[in-house]
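Asker: Each chain is listed here by its residues.
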Amino acid sequence: MPTFIPASALGRDGKVAPSNRIVVGGIGIGPRGREVLKHFLSQTDVQFVMIADVQEARREVVRVMANRQYNNQDCLKTRDMYEVLARPDIDAVLIATGDRWHALLSMLAAKAGKDIYCEKPCSMTVRESQELADTTNRYGRIFQSGTQRRNVDNFGFAAELARSGKLGKIHTVHAGILPLEESFKWLPAEPEPARDVVDWDRWLGPAPWRPYNKDYVQGRWRGYYDFHGGAALPEWGAHTVDLCQWGASADHTTPISYEADGQTIYGKYANGVKLVMRLAGFKGEGNWVVPGTCPVRFEGDEGWVEAADTGKIAVSSPKLLERGAPKEMAGTDPSKHVRDFLDCVKSRGKPACNADVTRRGHIISHVASIGWRLGRKVEFDPVTETFVNDADANRMCSRARRAPWHA
Amino acid sequence: MKLIRSLLPALLVVTLAGPVAAAVSSEAASLAVLASDAGLPEKARACQELGDMGGPKSVAPLAALLNKEHLADYARSGLEGIKDPSAGVALRKALPTLEGRFLAGAVNSLGVRREVAAVPDLQKLALDAKRGVAAEAIASLGMIANRDAAKTLQQVLSGGSADLRVPAAHAALVAAAHLAKVGNVAAARELLESVVKALPPGQLATVAKNQITVLGGKP
Chain D
133 MPTFIPASAL GRDGKVAPSN RIVVGGIGIG PRGREVLKHF LSQTDVQFVM IADVQEARRE
193 VVRVMANRQY NNQDCLKTRD MYEVLARPDI DAVLIATGDR WHALLSMLAA KAGKDIYCEK
253 PCSMTVRESQ ELADTTNRYG RIFQSGTQRR NVDNFGFAAE LARSGKLGKI HTVHAGILPL
313 EESFKWLPAE PEPARDVVDW DRWLGPAPWR PYNKDYVQGR WRGYYDFHGG AALPEWGAHT
373 VDLCQWGASA DHTTPISYEA DGQTIYGKYA NGVKLVMRLA GFKGEGNWVV PGTCPVRFEG
433 DEGWVEAADT GKIAVSSPKL LERGAPKEMA GTDPSKHVRD FLDCVKSRGK PACNADVTRR
493 GHIISHVASI GWRLGRKVEF DPVTETFVND ADANRMCSRA RRAPWHA
Chain R
67 MKLIRSLLPA LLVVTLAGPV AAAVSSEAAS LAVLASDAGL PEKARACQEL GDMGGPKSVA
127 PLAALLNKEH LADYARSGLE GIKDPSAGVA LRKALPTLEG RFLAGAVNSL GVRREVAAVP
187 DLQKLALDAK RGVAAEAIAS LGMIANRDAA KTLQQVLSGG SADLRVPAAH AALVAAAHLA
247 KVGNVAAARE LLESVVKALP PGQLATVAKN QITVLGGKP
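Here the protein sequences line up with chains D and R, keeping their order.
Mapping of the first sequence onto the numbering used here: position 176 corresponds to residue 308, and the numbering continues sequentially without gaps.
Mapping of the second sequence onto the numbering used here: position 111 corresponds to residue 177, and the numbering continues sequentially without gaps.
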């Protein structure tokens with residue numbers, strides 16, 4: 133009997149040969165994770181093989197999604213994320229569990245030899261931001277945070293105007309943020325579902341214990357101090373502060389002082405450039421020129437530019453658009469960002485939102501929120517990454533992880 | 067519509083978060099909560115507040131919670147935040163009395179605090195399979211990364227049980243990074259060489275070799 137080998141197995145017929153595919157596993161894939169996963173699945177050089185989620189309903193949705201894409205039944209599901217990390221055939225993981233797990237799982241994945249695409253915010257504290265970058269770098273892993281806006285056209289266009297000098301000397305960059313707040317309350321206890329339906333202990337992971345309530349596992353965990361670091365500042369700051377770092381050509385450093393005035397925090401870099409973190413929102417809060425969430429504005433002594441998630445852009449002079457406006461692309465669209473990650477998995481290059489970029493962008497958000505909590509100006513050393521002569525602020529840079537979870 | 071759906075989680079921050087509680091309470095008030103018959107949420111929060119602003123007075127009340135279900139990790143949050151050495155002493159003293167998750171937590175906190183005085187305790191735990199926290203003790207020795215901690219890691223790498231060599235290698239990489247950062251390159255290199263010798267060729271050995279190269283030596 134002759135043996136028939138499908139063309140796809142040989143990399144013909146428009147397919148990538150299995151040996152050239154990046155084998156990917158997912159951990160904690162809810163609604164946003166599935167949006168990102170869609171873009172992984174659409175890449176011909178990706179084979180998504182396993183989903184780990186502490187919620188059966190979610191892991192089943194993802195398993196069906198992958199199997200439908202590949203027209204087979206090969207995608208496996210598990211409650212235990214360590215099963216994904218233990219598989220030697222998995223090259224990379226997509227992590228979208230929620231903030232409490234992001235840094236720790238990313239570090240465990242790096243130690244297991246996986247490359248990592250991790251949704252944002254990637255850390256709960258200053259210390260986690262440092263550990264995450266140190267660990268992924270130490271193990272030589274490719275890391276991309278899910279702060280995709282560096283790979284969205286209008287934001288890239290705005291940053292390029294700032295970085296190339298077309299706005300003159302940059303003096304102020306503005307990052308849109310959500311209202312700063314944190315709740316310490318616990319929702320009423322509800323009976324815990326069976327472990328195979330929702331594994332509450334695993335859902336909590338390194339976050340401190342509290343009783344089960346379905347609201348948390350259905351995505352309404354944001355705003356609670358134990359699950360959402362930095363008083364919600366990193367929620368959008370992971371995007372907008374990061375973009376300001378880029379626009380100000382400041383990826384190598386952080387501001388050295390931070391002072392809150394209500395819901396606005398004024399940061400200042402050593403070179404005098406100001407970083408203004410100010411309210412934005414879903415209803416046009418903050419008087420931004422361009423409509424849309426996650427707005428940023430870069431101001432130089434010869435002009436300014438503003439961009440937001442609608443894909444639109446505003447500039448101080450039509451001259452800045454003489455070479456054409458950028459294509460409108462939603463700020464939430466991760467398609468180019470996912471491709472950037474996959475290309476770097478192959479080339480071993482640095483993706484746009486690599487571990488070092490993520491470290492500083494996240495540290496700024498956490499540091500700013502600590503200043504806000506203390507209600508006074510704080511000074512920060514970008515080299516030692518500690519507050520200057522400020523023991524009260526320095527002790528807020530870390531939180532204990534619930535045992536037995538550790539990196 | 068898609069944009070709104072994907073941003074919905076962030077919208078919930080605005081609508082569901084409770085009252086802002088940025089105001090800093092006093093150490094005395096938090097200690098009074100711990101001493102009272104307040105509920106778990108209040109005591110849990112009091113522990114966290116003591117981590118932010120507590121001093122030596124807070125150590126004993128927090129240490130008393132290290133074996134209390136649901137509060138032990140909050141107590142560790144408090145003790146990790148208190149820089150006074152008495153917090154480290156309390157964690158060390160608690161080690162013989164703790165088991166399971168509680169013991170693993172205290173061991174981790176000693177590593178996070180980089181408690182040099184705890185190295186002998188951690189060495190014992192690293193070499194005592196019966197206590198069940200050898201891997202956690204090894205990880206904490208990696209975080210502390212002084213000469214004695216490094217020696218124990220080398221001991222586990224060269225003669226320890228096979229299942230502890232991998233955690234010891236990970237801890238050695240952490241310790242080597244710290245040693246190199248503080249200028250003790252020779253000790254860092256020695257530790258990395260122990261990893262290369264102890265493990266078969268593979269990811270971890272390669273990472274160690276790469277680190278040796280970065281330090282300026284031949285792997």
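If you're looking for bench data, these hints aren't it; they were derived computationally from the structure.
Predicted model, so just to flag it, every value in this text is computed and none were measured.
Please note: incorrect hints may appear among the correct ones.
To be verified - With a straight-line cut-off of 20 Å between C-alpha atoms, the simulated SDA-like cross-links for lysine to any residue are:
hint	chain 1	residue 1	chain 2	residue 2
1	R	Lys275	D	Arg480
2	R	Lys196	D	Pro536
3	D	Lys400	D	Asp383
As the list claims (entries may be wrong) - Here are a few chain R residues that sit away from chain D, every Cβ distance over 10 Å (derived from the structure):
hint	residue
4	Ala94
5	Leu106
6	Asn250
We put the CB at the ideal spot given by N, CA and C, even for glycine.
Asker: Hints first: check each against the structure and report whether it holds.
Answerer: Hint by hint, here is what the structure shows:
The hinted pair formed by Lys275/R and Arg480/D meets the criterion: a straight-line CA distance of about 18 Å does not exceed 20 Å. Annotation: proposed proximity of Lys196/R to Pro536/D holds, straight-line Cα distance about 17 Å (limit 20 Å). Restraint check: the Cα-Cα separation between Lys400/D and Asp383/D comes to about 14 Å, which is no more than 20 Å; the hinted pair holds. Every CB of chain D is more than 10 Å from the CB of Ala94/R (nearest about 17 Å), matching its label as outside the interface.
Its beta-carbon lying about 8 Å from the closest one in chain D, Leu106/R breaks the requirement of being farther than 10 Å from that chain. Distance to chain D confirms Asn250/R as a non-interface residue, since its nearest Cβ pair spans about 17 Å, more than 10 Å.
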